[in-house]
Amino acid sequence: MYNLTFEVGFFFTQILASEGFTMHSRARFLGLIFVTLILAITACGGPATPSTSGTTAAPVQDRVLKVAMTFLDEPPDPYQAGWLAVPTGLAETLFRLGDDLKPEPWLATGATRVDPTTWEIGLRAGVKFHNGAVMDAAKVKGSLDLALLRRPGTRVLLDVDRVEVKDPSTVLIITNAPNPTLPGLLTNQNTSIADPDTVPTSLEDSAERAAMTGPYKLMSFNADQEMTVEAHADYWQGTPAMDRVEYVAFTQSDTRLIALQSGDVDISVNLSPQGAVVVGNDSSLNVRTAPPSGMLFMFVNHESPAMQDPLVRRAIAIAVDRNAMAEGVADGNAVPAESLFPPGFISCQNNAGYSYDPEAARQLLVEAGYQDENGDGIVEKDGKALELVLQTYPEQPLLPPMLEAFQSMLRDIGVGAKVQIVEWTLASQGGYDLFGYSNGTITTGDPQWALTRQYLTGGDENRGNFSNSRVDELIGQLSAASEPAQRQQVACDALQAGQEEVALIPVMFPNQLYGISDSVVWTSGPHAVQLYFIDHLIGLK
Amino acid sequence: MGAYLARRLLTLPLLLVGISIISFMLLNFAPGDAAEITLRRQNGGVTPPREAVVELRQELGLDDALPIRYGRWVSSAVRGDLGDSYRSGSSIAGELARRLPATLLLASAALIIAVVAGIPLGVLAAVKRGSWVDSVCRLSALVGAAVPSYVLAPALMLLFAVKLDWLPAIGYGSPKNLVLPALVLSLGTMAQLMRLTRATLLDVLNQDHIRTARAKGLTEGLVVWRHALKNALLPVVTVLGTSTGYLLGGAVIIETIFGWPGVGQFVVVGISQRDYPVVQGFVLYMAVIFLVVNLAVDISYRWLDPRLHFGGRFN
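Protein sequence lines, in the order shown, are assigned to chains S and Y.
Mapping of the first sequence onto this note's numbering: position 29 corresponds to residue 29, and the numbering continues sequentially without gaps.
Mapping of the second sequence onto this note's numbering: position 11 corresponds to residue 11, and the numbering continues sequentially without gaps.
What the hints contain is simulated information worked out from the structure, not anything from laboratory work.
There's no promise every hint is true.
Stretch by stretch, here's where chain S covers chain Y in the computed footprint (C-beta under 8 Å, at least three residues) [unchecked claim]:
#, segment
1, 5–18
2, 53–65
3, 116–127
4, 166–180
5, 253–262
6, 265–274
Glycine included, every Cβ here is placed at the ideal spot set by N, Cα and C.
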């Protein structure tokens with residue numbers, strides 16, 4: 001090969017150096033080289049071979065479901081990228097959130113709190129990993145140990161001291177501090193169970209090839225391109241409906257929509273509300289709506305001078321027409337949010353929300369000392385106009401229009417506002433009065449998780465630096481409470497106390513929208529929690 | 001020529017160092033915490049505990065001083081190691097190499113379409129100057145250059161994949177999959193080539209040697225294709241060079257819309273996730289491409305027109 005290249009190069013050099021090689025000849029020659037190069041590059045640029053493909057081509061009669069996802073940029077490692085491994089049917093956790101958003105056994109059969117720091121977890125019999133090995137207590141302990149070892153976030157989340165094998169079908173999980181909500185925490189996707197003997201020993205190597213327990217097992221994965229899974233014949237809940245599921249990824253919701261319309265895929269996840277309208281108008285396609293699990297809301301910057309007065313915060317909270325937000329901004333694909341939790345998650349008798357009342361909002365501003373003295377439509381106090389800075393980020397497409405609507409509603413009560421689109425992590429860095437944000441509040445199935453993160457002084461998700469001693473005390477009581485009725489009452493009290501202080505301003509719970517072709521049979525879904533997407537039942541007619 | 005080449009080659013490393021320092025600093029000042037973004041993503045959109053963010057920041061060395069981080073990056077880069085992605089942990093050099101064939105394929109196809117259509121249309125517009133053909137060509141060029149690809153791409157996908165069902169909307173691996181992304185990608189360059197060819201050809205057609213050729217009785221075709229076009233193509237080489245650079249950098253928007261697994265899509269996700277090593281590696285990759293392409297364009301000038309001189313001295 002080297003000799004041939006050398007000979008060709010020498011030949012071309014001779015031509016170029018020859019006296020008869022004029023300017024026009026050179027132009028022609030360069031053109032020839034250009035075309036040759038292009039053809040060579042084109043020939044070289046063939047389809048990339050799957051990097052992790054390990055099986056031969058499937059028979060033609062295979063039943064294949066094609067799904068357009070948003071991301072496929074990380075290998076489906078059960079400990080690092082459970083957000084991909086669980087919804088694609090590869091991995092399962094010990095517990096999952098049920099339709100009522102409460103934790104329920106999945107690979108486990110149940111959990112008993114032996115003492116304040118010890119949980120006894122019973123394991124389901126007859127579960128086999130993708131490699132045929134049987135799941136038992138030793139395997140589960142090994143898997144949980146690896147989950148804790150391989151990911152700092154999981155260590156912090158679970159705060160587990162150690163995992164012990166009690167007998168072949170029971171593990172004991174000992175926590176560093178009393179933890180009444182451990183089963184809920186074990187719904188976390190990065191606590192997925194895999195056969196520890198198939199996980200690479202090096203922490204640097206991804207574990208996506210580990211044997212997991214889900215209805216499908218990994219065939220191939222090419223980052224940002226495709227992922228193919230095939231049926232796990234020994235799946236513990238029965239034979240999966242499809243032979244294979246093929247995933248492709250498009251970050252653009254419009255592309256996912258067009259792929260569905262053109263028949264290139266059978267299911268598109270995360271449709272935009274506008275995309276759902278298009279799908280709804282197509283007789284061969286259907287929209288499936290999952291109940292909401294995430295919330296769109298406004299962080300209140302409790303260190304901003306304008307937000308110090310609770311009357312002003314309350315005025316802003318009740319100036320928001322949440323029905324108009326849900327209907328206008330989300331095209332009806334959202335539920336108005338007057339509390340931290342979606343309807344049905346927690347039942348509180350004493351919980352008063354923020355009903356839309358612009359007249360009362362104006363009155364609250366008057367009580368706070370604000371008047372429109374110069375007649376420009378914006379209220380002032382001590383000669384200073386009440387002008388707010390609203391910030392949000394563009395990755396959640398409903399947030400920017402939500403802030404524009406918010407701006408307009410504030411204007412109606414005499415509050416000026418300017419909207420800034422920024423990076424989402426700036427929500428922790430002040431520089432705003434209100435910050436539009438999106439977050440899940442039902443993760444783990446227990447209200448303590450969101451209350452601790454959103455309302456507690458110094459909480460992980462308390463980005464507006466809300467701090468209230470009464471709320472902190474109630475959340476402390478919640479951590480210590482174990483009896484369900486008592487926990488619910490304390491949680492409701494903490495929720496109410498936080499709302500009275502307007503710790504943050506809930507706006508709406510957007511529905512999750514799936515576009516499916518009419519050949520798809522999906523009796524089991526969609527689930528409120530997007531994590532539970534592909535199961536053994538979903539298939540084609 | 002030799003001295004000029006040597007001088008250019010010697011300045012390449014200096015330019016690369018300068019570019020890498022600037023980009024490293026810019027990325028450092030960009031808002032956003034890579035550790036927090038990475039963990040939130042891994043948590044399924046839920047913000048991670050602060051302790052986990054702190055631990056990951058330490059693990060990634062994000063708390064180290066800027067010069068230390070830059071020095072660490074440069075010492076690896078000169079050995080061909082551009083570091084690992086924060087998100088996936090995969091080698092960035094490996095990822096760029098793995099995705100390069102897809103980008104090369106798309107860029108090559110787009111370049112062929114742009115050249116094959118753009119230059120002849122430019123010639124046609126020049127020859128038919130003032131006619132309806134010229135107007136149509138110029139209007140098409142205006143539309144091609146003005147309509148953003150993120151508008152054109154979904155429109156063509158809807159037309160050819162959904163309405164007419166002639167081509168697949170998505171996918172990679174077959175010639176059919178290449179048609180739409182290559183076509184959309186080529187339109188900007190095609191319009192640019194067409195307008196430039198038309199303008200330079202009109203200029204050449206008014207020169208003395210063309211009048212002489214016509215006076216000698218040569219046919220209009222011979223005058224245009226043999227005598228005028230060759231002299232008009234020199235500026236086109238410049239445009240082709242820069243276009244090649246942009247195309248090889250990965251048609252970021254096109255690759256994202258069509259889900260094309262090239263370097264452009266890789267870097268878009270990297271940017272949105274504050275995956276600094278990916279962005280830094282991509283900047284270096286682009287810098288190399290543009291420096292090499294510019295050098296190649298300069299050298300091709302010399303070959304195409306020996307009257308041109310380099311560095312202030314006639315060769």
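Verification of the hints:
For the segment 5–18 of chain Y, the proposed coverage by chain S is not satisfied: 0 residues have a C-beta within less than 8 Å of a C-beta in that chain, short of the threshold of three. Under a criterion of three residues with beta carbons nearer than 8 Å to beta carbons of chain S, the stated coverage of the segment 53–65 of chain Y is upheld, 3 such residues being counted. For a cut-off of 8 Å, the count of residues in the segment 116–127 of chain Y with a CB near a CB of chain S stands at 0, and the three-residue condition is violated. Chain S is given as covering the segment 166–180 of chain Y, and this holds because 7 residues of the stretch bring a CB closer than 8 Å to a CB of that chain, at least three being needed.
For the segment 253–262 of chain Y, the stated coverage by chain S is satisfied: 5 residues place a CB nearer than 8 Å to a CB of that chain, which reaches the threshold of 3. Taking a C-beta to C-beta cut-off of 8 Å, the segment 265–274 of chain Y contributes 5 residues in contact with chain S, enough for the three needed, and the coverage statement holds.
Violated hints for the displayed structure, listed by number in ascending order: 1, 3.
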